[in-house]
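Work the whole structure out from these sequences, hints included.
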Amino acid sequence: MCGIVGLFLKTDRHRPKLGRLTAAMLHEMRSRGLDSAGFAVYGEGTIGTSRITVLAEGQEPDWAPTAAALETALGEPVALRPMFDHAVFETTGDSGLARQWIIDHVPGVSVLSHGRQIELFKSVGDPDLVAEKYDLASRSGTHAIAHTRMATESAITTNGSHPFVTGPDTCLVHNGSLSNHNQLREQLEQHGESFQTENDSEVAAGYLSWRLREGDTIDQALEAALCDLDGFYTFAIGIENGFAILRDPIACKPAVIAETDDWVAMSSEFRAIAQLPNVDDAEVFEPEPARIYTWSLEAVPA
Amino acid sequence: MTVFDMAEVSLRELNQALHDATDGEFEVVNPRGAHAVASGIDSEISVTIDGPVGYYCAGMHQRGSVQVNGNASAGLAENIMSGTVRITGSATMSAGATGHGGLVVIEGNAGARCGISMKGVDIVVGGNVGHMTAFMAQSGNLVVLGDAGADLGDSLYEANLFIRGSVESLGADCVEKELRPEHIETLRQLLAAAGMDADPTDFTRYGSARTLYNFHIDDIDAELAGGAS
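From first to last, the protein sequence lines stand for chains H and P. Note that my numbering has the first sequence beginning at 20, numbered continuously upward. Note that my numbering has the second sequence beginning at 95, numbered continuously upward.
Quick caveat, the hints were computed from the structure, so don't treat them as lab data. Predicted model only: the values in this text are computed from it and were never measured. One or more of the hints may lead you astray.
[Stated by the list, open to error] Which residues of chain H face chain P? A partial, calculated answer using Cβ under 10 angstroms:
(1) I269
(2) P273
(3) E278
(4) E288
(5) E305
We put the beta carbon where it would ideally sit given N, CA and C, even for glycine.
Next up, the structure:
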């Protein structure tokens, strides 16, 4: 089954309570998946810095030595925000270099996200507890996407949880199942993508990552995905300055979008949207199959 | 008029009360997109729901009437047997699916697969319908005042599909048919019952070409190749 939610705040009005609104949406999607949950939040960080979210699955390490070593490697200051098995490293250095350094030098740690805006947390267990543990409700920002998972295609692990990162400041949540993910994984590995799980959604993320690295815009990458991905899917995709939604051409997996002057919300079911502010004024519609929907901020802080 | 506030009453309590009632008027407030609201009604009661509902609202409906002042999610009036279900907003996928009888009125748009496998229900949509509407429809009437999405009436048996606007594409074995006087009369009655103001002669009728009804040995190559004649 799985549940997905996305909330994109077009104006400043509700940005201080982005996390609280997203947590309430996630709560409504608990019944679609109690195996694991995750969320990505954008636009919370200090201007002019990058952030890298990392995970040491099953551990709660002392992250300070890693932060110090990363600082030396980058030659730039690194601030550390540990959160149990997760940590966020914030730096004025290059987030891509930082990501690669962590992959190369810190065994047992996976990089969940990197970029100027994104922070990403995920864990097995009840979505409400995951949101509480990583303090979703207190977060501010411009947009967020989140997922509740009922596992079908791979094991219930934190690394098998959504969202999956598809490149700098880009991540994806998926409701559905892909039928050609094994073949696609092999092809993408030949193009230099690497995968951490047997999960089909990670392959979709890897696919978009590859297309974006080849120079596609998000619209072009999703257009290509419509040709190359076989299976059922509703995707919500977070990008640095906005978010995107795509459903497969059959569109069996549910999705509803609501939009007001202040926000755009998407979810598997309307009840996740029902308590958003001024929802009665929202234009509510079901996204059409095989149609790419994108929203973006007009100006993003550099 | 009995009022149920879903902020205070559980779904199960609400539906049990509606099942226990034999007549009367009921109002439901604060549904907040809950699933299965007012499903399984089987008496001459009248239920008004103020606000959006989730999946399977008024599912398995018999006799009685349900009106939703708002939008509905998947499976509105699924397997309706008789009576009336009306929504003032739009419905997402599979509205009126497998319905055997009764009338479903959607004043806004209906999403994908509206009237899938309909078996006698009448469905009137004020706006547009999504792709694969009336897939494998077997009996009944579908009236759409707006446009229809791709693959309308794919593999349908004997339902009448009346579309006033454009059709993106017809599904396998669905063809345009003549709008005869008896169809105009059916349309007139359905539009009146739905409270929709439209001229019956503005509609185009679509139905089954009946080429998929029986197996033809000449089609064996197409069948084996996964195609249909």
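| field | Residue hint H:P273, partner chain P, criterion CB-CB below 10 angstroms | value | Status holds, d = 6 angstroms.
| task | Would you settle whether the hint for H:E278 is holds or violated, based on the nearest Cβ-Cβ distance to chain P being less than 10 angstroms? | result | violated, 13 angstroms
| request: Under 10 angstroms, Cβ to Cβ, is where H:E305 needs to be relative to chain P, so tell me if that hint holds or is violated. | output: Holds. Min distance 4 angstroms.
| query | Does H:E288 pass the interface check with chain P, least Cβ-Cβ distance below 10 angstroms? | reply | Where the cut-off is 10 angstroms and the nearest Cβ of chain P is about 6 angstroms from H:E288, the hint holds.
| message | Checking hints one by one. Is H:I269 an interface residue toward chain P, by the C-beta closer than 10 angstroms rule? | response | Holds, about 8 angstroms.
In terms of the numbered hints stated before, the structure departs from hint 3 and from no other.
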